[in-house]
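Residue numbers (UniProt numbering), protein chains in the order written: chain A, 1 to 329; chain B, 1 to 329; chain C, 1 to 329.
Don't read these hints as lab results, they were simulated from the structure. Any given hint could be a false lead.
Any copy will do: because identical chains look the same in the list, a pair fits if it lies in one copy or spans two.
Derived SDA-like pairs (lysine to any residue); straight-line CA-CA distance at most 20 Å [what the hints assert, rightly or not]: (1) K328 with D298; (2) K232 with S284; (3) K53 with L77; (4) K328 with E152; (5) K306 with Q317; (6) K140 with V326; (7) K177 with N271; (8) K268 with T21; (9) K300 with G5; (10) K134 with S107; (11) K300 with V282; (12) K306 with R318; (13) K320 with L309; (14) K177 with V66; (15) K177 with P78; (16) K184 with G157; (17) K325 with G157; (18) K232 with G20; (19) K311 with H91.
Given the structure is predicted, the values throughout are model-derived calculations rather than measurements.
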Amino acid sequence: MSYIGGHLVGDPEFEVFGIGTIDNITSGNLVFLFHQQKISGSISSIPEVIVCKEGMDIRAKNLIFVENPRLAFIKLLPKFYSQDYPEPGIHPTAFIHPQAKIGERVSIGSGACIETDVVIADDTIIFPQVYIGKGSRIGKSCLIYPQTVVRENCILGDRVILQSGVIIGGDGFGYEKYGDVYLKVPHVGKVILEDDVEIGANSTVDRATLGETRIGTGTKIDNLVMIAHNVKIGKNCIIVAQSGIAGSSSLGDDVIMAGQCGVVDHGKIGNRVRLAARSGVVNSIPDDQMVSGFPAQDHKTEMKEKVLLRKLPDLWQRIKNLEKKVFKS
Amino acid sequence: MSYIGGHLVGDPEFEVFGIGTIDNITSGNLVFLFHQQKISGSISSIPEVIVCKEGMDIRAKNLIFVENPRLAFIKLLPKFYSQDYPEPGIHPTAFIHPQAKIGERVSIGSGACIETDVVIADDTIIFPQVYIGKGSRIGKSCLIYPQTVVRENCILGDRVILQSGVIIGGDGFGYEKYGDVYLKVPHVGKVILEDDVEIGANSTVDRATLGETRIGTGTKIDNLVMIAHNVKIGKNCIIVAQSGIAGSSSLGDDVIMAGQCGVVDHGKIGNRVRLAARSGVVNSIPDDQMVSGFPAQDHKTEMKEKVLLRKLPDLWQRIKNLEKKVFKS
Amino acid sequence: MSYIGGHLVGDPEFEVFGIGTIDNITSGNLVFLFHQQKISGSISSIPEVIVCKEGMDIRAKNLIFVENPRLAFIKLLPKFYSQDYPEPGIHPTAFIHPQAKIGERVSIGSGACIETDVVIADDTIIFPQVYIGKGSRIGKSCLIYPQTVVRENCILGDRVILQSGVIIGGDGFGYEKYGDVYLKVPHVGKVILEDDVEIGANSTVDRATLGETRIGTGTKIDNLVMIAHNVKIGKNCIIVAQSGIAGSSSLGDDVIMAGQCGVVDHGKIGNRVRLAARSGVVNSIPDDQMVSGFPAQDHKTEMKEKVLLRKLPDLWQRIKNLEKKVFKS
Numbered sequence: 001m002s003y004i005g006g007h008l009v010g011d012p013e014f015e016v017f018g019i020g021t022i023d024n025i026t027s028g029n030l031v032f033l034f035h036q037q038k039i040s041g042s043i044s045s046i047p048e049v050i051v052c053k054e055g056m057d058i059r060a061k062n063l064i065f066v067e068n069p070r071l072a073f074i075k076l077l078p079k080f081y082s083q084d085y086p087e088p089g090i091h092p093t094a095f096i097h098p099q100a101k102i103g104e105r106v107s108i109g110s111g112a113c114i115e116t117d118v119v120i121a122d123d124t125i126i127f128p129q130v131y132i133g134k135g136s137r138i139g140k141s142c143l144i145y146p147q148t149v150v151r152e153n154c155i156l157g158d159r160v161i162l163q164s165g166v167i168i169g170g171d172g173f174g175y176e177k178y179g180d181v182y183l184k185v186p187h188v189g190k191v192i193l194e195d196d197v198e199i200g201a202n203s204t205v206d207r208a209t210l211g212e213t214r215i216g217t218g219t220k221i222d223n224l225v226m227i228a229h230n231v232k233i234g235k236n237c238i239i240v241a242q243s244g245i246a247g248s249s250s251l252g253d254d255v256i257m258a259g260q261c262g263v264v265d266h267g268k269i270g271n272r273v274r275l276a277a278r279s280g281v282v283n284s285i286p287d288d289q290m291v292s293g294f295p296a297q298d299h300k301t302e303m304k305e306k307v308l309l310r311k312l313p314d315l316w317q318r319i320k321n322l323e324k325k326v327f328k329s
Numbered sequence: 001m002s003y004i005g006g007h008l009v010g011d012p013e014f015e016v017f018g019i020g021t022i023d024n025i026t027s028g029n030l031v032f033l034f035h036q037q038k039i040s041g042s043i044s045s046i047p048e049v050i051v052c053k054e055g056m057d058i059r060a061k062n063l064i065f066v067e068n069p070r071l072a073f074i075k076l077l078p079k080f081y082s083q084d085y086p087e088p089g090i091h092p093t094a095f096i097h098p099q100a101k102i103g104e105r106v107s108i109g110s111g112a113c114i115e116t117d118v119v120i121a122d123d124t125i126i127f128p129q130v131y132i133g134k135g136s137r138i139g140k141s142c143l144i145y146p147q148t149v150v151r152e153n154c155i156l157g158d159r160v161i162l163q164s165g166v167i168i169g170g171d172g173f174g175y176e177k178y179g180d181v182y183l184k185v186p187h188v189g190k191v192i193l194e195d196d197v198e199i200g201a202n203s204t205v206d207r208a209t210l211g212e213t214r215i216g217t218g219t220k221i222d223n224l225v226m227i228a229h230n231v232k233i234g235k236n237c238i239i240v241a242q243s244g245i246a247g248s249s250s251l252g253d254d255v256i257m258a259g260q261c262g263v264v265d266h267g268k269i270g271n272r273v274r275l276a277a278r279s280g281v282v283n284s285i286p287d288d289q290m291v292s293g294f295p296a297q298d299h300k301t302e303m304k305e306k307v308l309l310r311k312l313p314d315l316w317q318r319i320k321n322l323e324k325k326v327f328k329s
Numbered sequence: 001m002s003y004i005g006g007h008l009v010g011d012p013e014f015e016v017f018g019i020g021t022i023d024n025i026t027s028g029n030l031v032f033l034f035h036q037q038k039i040s041g042s043i044s045s046i047p048e049v050i051v052c053k054e055g056m057d058i059r060a061k062n063l064i065f066v067e068n069p070r071l072a073f074i075k076l077l078p079k080f081y082s083q084d085y086p087e088p089g090i091h092p093t094a095f096i097h098p099q100a101k102i103g104e105r106v107s108i109g110s111g112a113c114i115e116t117d118v119v120i121a122d123d124t125i126i127f128p129q130v131y132i133g134k135g136s137r138i139g140k141s142c143l144i145y146p147q148t149v150v151r152e153n154c155i156l157g158d159r160v161i162l163q164s165g166v167i168i169g170g171d172g173f174g175y176e177k178y179g180d181v182y183l184k185v186p187h188v189g190k191v192i193l194e195d196d197v198e199i200g201a202n203s204t205v206d207r208a209t210l211g212e213t214r215i216g217t218g219t220k221i222d223n224l225v226m227i228a229h230n231v232k233i234g235k236n237c238i239i240v241a242q243s244g245i246a247g248s249s250s251l252g253d254d255v256i257m258a259g260q261c262g263v264v265d266h267g268k269i270g271n272r273v274r275l276a277a278r279s280g281v282v283n284s285i286p287d288d289q290m291v292s293g294f295p296a297q298d299h300k301t302e303m304k305e306k307v308l309l310r311k312l313p314d315l316w317q318r319i320k321n322l323e324k325k326v327f328k329s
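So here's chain A without its partners, still in its complex pose (with noise of 0.2 Å):
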């Protein structure tokens, strides 16, 4: 109760033993409700703690209201659940390039690839398995999961989180045709992660051409994103699955991006501005926009657009009968 506040209506004696949510229920455990309509009839019969928002209308043996059950979760659950990370230490197994410098406390796990000039400050976490190209600073109390990569020369803030599979840094995509061939651009600038940004496992973020690719403090992308070269993302983003942005494009300040969206090169993306999944974005969008659909447009306007869709067959119907009235009477 102390962890999470709230106030109690019931037994103010009762032990729990884990914690769960709806989809999970063993005796014993505190169980947590996100949502009102997500409650079946079968639940007051189990002796169960109920942890709800405040006002829910919930029938259990034991409640506890609390203001935002979702954060009183995120505070409880390291009670119950330890997740203990690796001690500090180098494995004999790494490498370790002299001339790299590491912090307090660090750890780095089996087979890592630490090259030269690359600074880890203290607390953080290099899983088995990580490259870290020469020149690259990783900052204070950092996550990094087996088998990330991070190319030559980049820049990870403070509690950065990369999850396995993530490679920052890679080459941008940019060739010039010259006759038959492609000619390579060369990728000699560098990729930033402010502090607090987590990347999800597989994605990957591409290093500028000249200058920067930069990802804004407290930004959050998920698994199999694509960030191509020159991307300039705000802060306290939310970018879903599959998504990818297209060369030099920019997204403003809490924007948030659902599932498998697109953003072509160079498009302007504004500030709060929310796209619904799958929207593809082929110019720029102004702030607080919500939209979707393929190009991406007002939601609203998308919505109708689908519906009439819906109603072509009845569409081509009236016409017909139009027709037939007209032209045959």
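Assemble the complex: chain A is given as a structure, and chains B and C must be docked to it using the hints.
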């Protein structure tokens, strides 16, 4: 003959030196025909042995008729092309935690990292540079190809195949906004891959928040597929490349999902549902439906809509003709 | 000047210390202008040297006019930004099978694994943590970035570049249902990447069932692209991020495929075909077509359809007006 059954029309004394398909005919090869329509005139002129479906009308020197040519192909292929796997044994450059339990005849390749409390059952092959996180259990006769990651506390059944670059058990994508920042929802659940699951290169299966992300017996997943946290997939499903299934969704048994599909979070897809390529499911699909489009709907309805879409210019012209007649006469 | 040609308007004595684009102007930098439309008023006030296309109307202290500014940029960039690569030599933590044949001046990085019967030609750089499977052959002057996989019996030509996370030669996705279960079709074919192919981060190219998956000379593939088994791609194609090409399809030469496209299995795409972003090809496309949409059709036809789609509300209103007049008067 004894391997594939069927009956021969032609010379029982012929010798074959290899095996091929209609696309790569070489003299002396046994040529498999999977579809009648693929046969061109030139084949009969080449002195090959053709294996085809009972009842096909083919001219060739020698013919073997079988019930299912693809099945015969699968059975015969290993006789001509040996796929030799690494020998049992642990490579000296691999790191095996002393608390890990390794079964009989297991092979562990160069640079692999097996953390504490891992259990690997008999006859499994762990290729080089694989990572198995602490407490994870790998069943019998699995093939874990180079550079795959199985994070902590995940469970793989028997005969599971992970192609290279697969990430099992990355954190799910969950955050709760608290003031201006996103707090990370800890993901302390697991991933369970049941027996005979295969997962394609660079696909990702995220661990559950609590409880499990589960993929049922015999389900096959192609490359670059995203399976989010807490997803449940039934038995013997086929999920083709670049599809994505969002958090807490469920699929029944025998679902076939073609390439580049998407399923919204908390979506429910019934048994034996078929999704055409690029379907985008935004709610639930009952058993035995064939769907397509975005938002996905009954496939026949979608096809009609597509046909009418292509007729839009005609439709506009007809409306203009009507208007001319009705309003201007 | 001698590197890029062109002619100067301004002071022949100026000195430059770096190179930049219009997006990152720094004092003392040579600024490249690729498009007339990108110039804003503020540039002429900064004392820069501008390199631009012959005939552009720019005000600046010093101007160098060249035929192709992007080409000049490619040529000049290495003069200012050295991309220094690893020195030749084999890192002591790499595992090289004694039967592997390593050419002159080859570099093999930390933790790399080179299996038996591999052949690596002269001047190739294998970065750390790379896996090359048995019997594979790597040409001259290749760049194989960290954490890539080349499975067994594949062939890479000269000057091939694999970005990190690329998987070459994973098993194709093929199964045959036998009773209730799917039997795996063995994939004993190979992948052939011809000279000067480049493949982007975390892309996958599956090996053929029999025969080969082949990517032609000079073809460039972006990140997170899926090339399925037995696909044939011609010369000098450009395939942008997150596109997927299904099994046994073929592309001609000089095809340009924009981002997030898809091609159905056994599809045939002719020479010089261009696919707009998100095109979904469901059959064959003849030479020299520009297509878009799903199913992909002639680009101009698709554009007209999109315009009419946006007029659907107007169309409905006009039908209602007609009905009012025709049926109610």
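Hint by hint, here is what the structure shows:
1. K328 with D298: neither (41 Å within a copy, 35 Å between copies)
2. K232 with S284: within (14 Å within a copy, 36 Å between copies)
3. K53 with L77: For K53 and L77, the Cα distance is within 20 Å only inside one copy (17 Å; across copies 59 Å).
4. K328 with E152: The answer is neither: 76 Å in one copy and 72 Å across copies each exceed 20 Å.
5. K306 with Q317: both (18 Å within a copy, 16 Å between copies)
6. K140 with V326: For K140 and V326, neither the intra-copy (77 Å) nor the inter-copy (75 Å) Cα distance is at most 20 Å.
7. K177 with N271: between (36 Å within a copy, 17 Å between copies)
8. K268 with T21: between (40 Å within a copy, 18 Å between copies)
9. K300 with G5: neither (40 Å within a copy, 54 Å between copies)
10. K134 with S107: Result: close both inside a copy and across copies, 19 Å intra and 16 Å inter.
11. K300 with V282: Intra 18 Å, inter 17 Å, cutoff 20 Å: intra and inter.
12. K306 with R318: Cα proximity of K306 and R318: in one copy and across copies (19 Å, 18 Å).
13. K320 with L309: Both: 17 Å inside a copy, 16 Å across copies.
14. K177 with V66: between (62 Å within a copy, 16 Å between copies)
15. K177 with P78: Answer is between; shortest inter-copy Cα gap is 18 Å, intra-copy 55 Å.
16. K184 with G157: between (30 Å within a copy, 17 Å between copies)
17. K325 with G157: Neither: 72 Å inside a chain and 68 Å across chains, both beyond 20 Å.
18. K232 with G20: between (39 Å within a copy, 17 Å between copies)
19. K311 with H91: neither (65 Å within a copy, 65 Å between copies)
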